[in-house]
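Asks: Input sequences plus hints: build the corresponding full structure.
Protein chains in written order, with the working numbering: chain A, 6 to 346; chain B, 354 to 668; chain C, 2 to 343.
Possibly wrong hints are sitting among the right ones.
Not everything, but these chain C residues come out facing chain A in the computed CB check (under 10 Å) [to be verified]:
1) G240
2) Y242
3) V243
4) I251
5) P252
6) Q259
7) H260
8) N264
9) E306
10) A335
11) D338
Calculated from the structure, these hints are not laboratory results.
C-beta: ideal position from N, C-alpha, C; glycine also.
Here's the letter readout for the chains.
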Amino acid sequence: MREAVLEAKDLRVWYATETDPVRAVDGVTLDIRPGETLGLVGESGCGKSTLGRALLGLTPDSAGVSGQVLYDGRDLTEVTPKEMRELRGPELGLIFQEPMTRLNPLISVEKHFFETLKAHEPGLSKDEMRVRSLEALAGMGIPPTRFGQFPHEFSGGMRQRIMIALTLVLEPKVVVADEPTTALDVIVEAQILGILADLRKNFDAALLLITHNLGIVAEACDRVAVMYAGRIVEDGEARQVFSKPAHPYTRELLRSIISLQTKGLNYIPGAPPDLVDPPPGCRFHPRCPDAMKVCAEKFPIPITTADGQRVECWLHGPESEIPEGGTEQLAREEIATAEEA
Amino acid sequence: MRTPRILKPFAQATGMPRTLLYSGVIIVLFFVILAIFAPWIAPYGFDQVSADGVRFPKQGAPDSAHLFGTTVQSTDVLSRVVWGSRTAIEVVVLALIFSLTIGVPLGLISGYVGGKLDRTLVLIMDALFAFPYLLLAIVIAFLLSDKLGQGVVTAALAITAVYIPQYYRVVRNHVISVREESYVEAARALGAKRMTIIRRYVLQNVIQNVPAIATLNAADAILTLAALGFLGYGIQPTEAAEWGYDLNRAIDDAGAGIWWTGLWPGLAIVLLVTGFTLVGEGLNDVLNPVIRARRLRKPKMDEAEVEAEEEPSHA
Amino acid sequence: MNSQGTSLRAYVLTRLALAIPTVLILLTMVFGLMRVAPGDPISAALGGRVPPEELEQRREAAGLDEPLIKQYFQYLGNALTLDLGTTINDDRKVTSIIVENGSATLELTMAAFALALVVGISIGLLAGYYRDTWIDLSGRMFGIVIYAAPVFFTGYLAQLLFAGELGWLPSSGRASPIVEFELDQVTHFYLIDTLITGNWDAFWDVLQHLILPAVTLGLLISGVLIRLVRVNLLQTMRGDYVEAARARGIPERQVVIQHAFRNAMVPVVTVAGLQFAILLGGAVLTEQTFNWPGIGAELVRYLNERDYIAVQGIITIFALAVVVVSLVIDLINAFIDPRVRY
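Replies: And the structure:
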């Protein structure tokens, strides 16, 4: 197995509010290897986007960050803002969710590319920049005739392809794509995913694909990390996770996919917890159909299953840590009250 | 007890908006007190030129008898400043009542009914809005002066004409956006009467925005009143004390190095207008999340330094 | 590009068409206001001063015995052809008031507006960029207080200090009497007139006279701009494209200048155009304070003399100016912002 190119260790991002902080990312350990596509899935509001931005050091000033983000032997939470800025682009790229507003409406596509290239490769001549930009755009299917046009002259799908070209023109080693297709229609979605799949073949780049769409993960990802309430609850080979989900949350998430074979609709009752004051013990226990007494009391210890998934769930032990009688089913009333809270 | 809706911003404000809001309120309250208790606070009447049979000096420098000096007409500057705040507050209150009672219903109806009525009103109000406001006030004050005389009501009406379009615009635009909201849509689908919908759903929401505009307009109203007075179309000196008029008279004194006749009324205007503006800006900061100050303390992360394997402790 | 050319032209034409109802409404308003006035204009101005026969004659000559609706259309026609009549009291053509006194007003307002732009934009940007710091607080307070101070008070203080106490600058007028007398009035803009004749002493004299009124009026307008620029910058700094630029590793300086500042300026242009009304109102007061022979001062004088023809003519010009300015602002916007054209 190749060595990880980017590694998060016990990463935490807490947003300040007027009262207690929101623990959007709360102790995440994750790695990603070159040429690998890692899917990061979970419901809205579980901290996926925050995690993606935190990897590039793009958290707001008022957010607290602790833990480590290791890249190329450096801890990115420790580097100076200037060093971080230099890494963003040629080393770490970010593709955003909503392409419509990500390009500056007053600046032509050409200028977007030129300012990006100038910022990181100041030695390039105008012609070289032009060649590089047009190459990247051609890869996304944007013809050179449209180079001088303004953002509002493009459709949403085209803008997203421009954004991707703008990210790839610097050939980053790691690309974080934050729900890159959510705002687009299905056909464009397929195109974009195809483009992203080519990315690692052509550049040997690592891709962190953030999405709430499990179908995309099944299609495009080698590995998948499932996030719930600021924690990674399960992390393993995509095929393995899909066929034998180890965490009840993953299982329920998979059951709620709608497909042609779907007979009835499945959903997980309740909503993701309040991240200001998350439930004690396992954060999923108020919604978990398999919840045991221990789940409401003790935080689950990460454990690697026989199939190779890393999972945070008491169902997988370790038994030595479970107190007497802890495996008893959690009473239904408790589930109900916890849900209300 | 629940905080009344209109006072909520005061309770919610923190940081800089709170400072703005509170200092503004203090300044405005100061002038309101001056206005209410003017007869007791002011040493003399606003047009009094003598006391105990002795005529006041003409353009007398400040001394113990006249703390702020006297004007060219021998009136006491301090008294005129104090009485002037009564005039200013009276005019502002009247103008606010007039423009609210006309502008808000017009905006509500125009926005809610829509169609031709809306389009016509928008055109007229936009034209009014584009018109140099001071000229409008001057012309109206000038025209009304023959019928109503040059008193507080005339000045208030002239100012009202300037601010109706503002309330109209804000209220109308807000109504149009609220109208499409799902709860209003739902009420309509359930067959609620038009007036009921306007009153219960739309007005309730619109009214929240009015305090911020009203205070900012109050600031502008004071300036317009003073400008009218300065140009000689405001309140007659025999009717009430008015700061703008006093400044007009003081300009001629400036050449002679007489500073006390203009400085105090001028400062009074600046202070009261600043007070109203601070309240308005503070309210805006609190109510508008985009420009709302986000100076938040970084959360303490010391407790997060625990091992990932353990339960993150609660902050 | 060709497609851009046509769309810009279409935009200009639409915008021009939209200006027509505004002009009509404003002119109707002016006409209506003037007719609400008690009595007829001629008797109001001259009543008691000339014999009744002459009064009647002049009423007829001014078309005041015609039906109101006819007068209205006559007024519209005259206003649109810029034939604004002759003043009642001093028999001046209103158009010549506009040329002679209007140029004084323009010279003052343009100097003031230039100053307001420089001061307002720079303080606004600083306050917005350093939000919630002492820079922000002092910038905002400056904006609030300067806007709270009526021009005639700021002007009065400036006169007391710079003209009176220090004696650095003249306190009133457009030029010293002797300079004004000798001046060859070509454009009626004194700065330009003195420049083209190469009369440096006169130029200096004119400039000195301009400083106090222009600074007084300019600071007032800058107060509005500070507030505006600051709020807009706060909005664009949170813009999605600003975050995206940061994510591409664009240097912070460039992110702020190229993406945030520039985009914050677009709405400022629009709203700065609306300040024209404040500028005009401010000009009337500034002219009154500094004895500046502008059109505002003339308006006040004619109002006092109850010269309705003059008042109506000057207000008509103001109304037309408002429409023209808002038209120009919109066109400028169309050039800056490619989106407007669509």
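Asks: So, for every hint listed, does it hold in this structure?
Replies: Here's how the hints hold up against the structure:
Proximity of C/G240 to chain A holds as hinted, the smallest CB-CB distance being about 7 Å (cut-off 10 Å). Given hint, C/Y242 at the interface with chain A, holds; its Cβ is 4 Å from that chain's nearest Cβ, closer than 10 Å. Evaluation of the C/V243 hint against chain A yields a held restraint, the C-beta minimum of about 8 Å falling below 10 Å. Checking C/I251 against chain A by beta carbon gives a least distance of about 5 Å; that is within 10 Å, so the hint holds.
For C/P252, the shortest C-beta to C-beta distance to chain A is roughly 6 Å, which falls under 10 Å, so the interface hint holds. A cut of 10 Å between beta carbons decides the hint on C/Q259: the least distance to chain A is about 7 Å, and the hint holds. The criterion of a C-beta within 10 Å of any C-beta in chain A is met by C/H260, whose closest approach is roughly 5 Å, and the hint holds. Taking 10 Å as the C-beta contact cut-off toward chain A, the hint placing C/N264 at the interface holds, the least distance being around 6 Å.
A distance limit of 10 Å between C-beta atoms decides the matter here; for C/E306 the minimum to chain A is near 51 Å, and the interface restraint is violated. Because the beta carbon of C/A335 sits about 13 Å from the nearest beta carbon in chain A, more than 10 Å, this interface hint is broken. Look at C/D338: its Cβ gets to within about 6 Å of chain A, closer than 10 Å, so that hint holds up.
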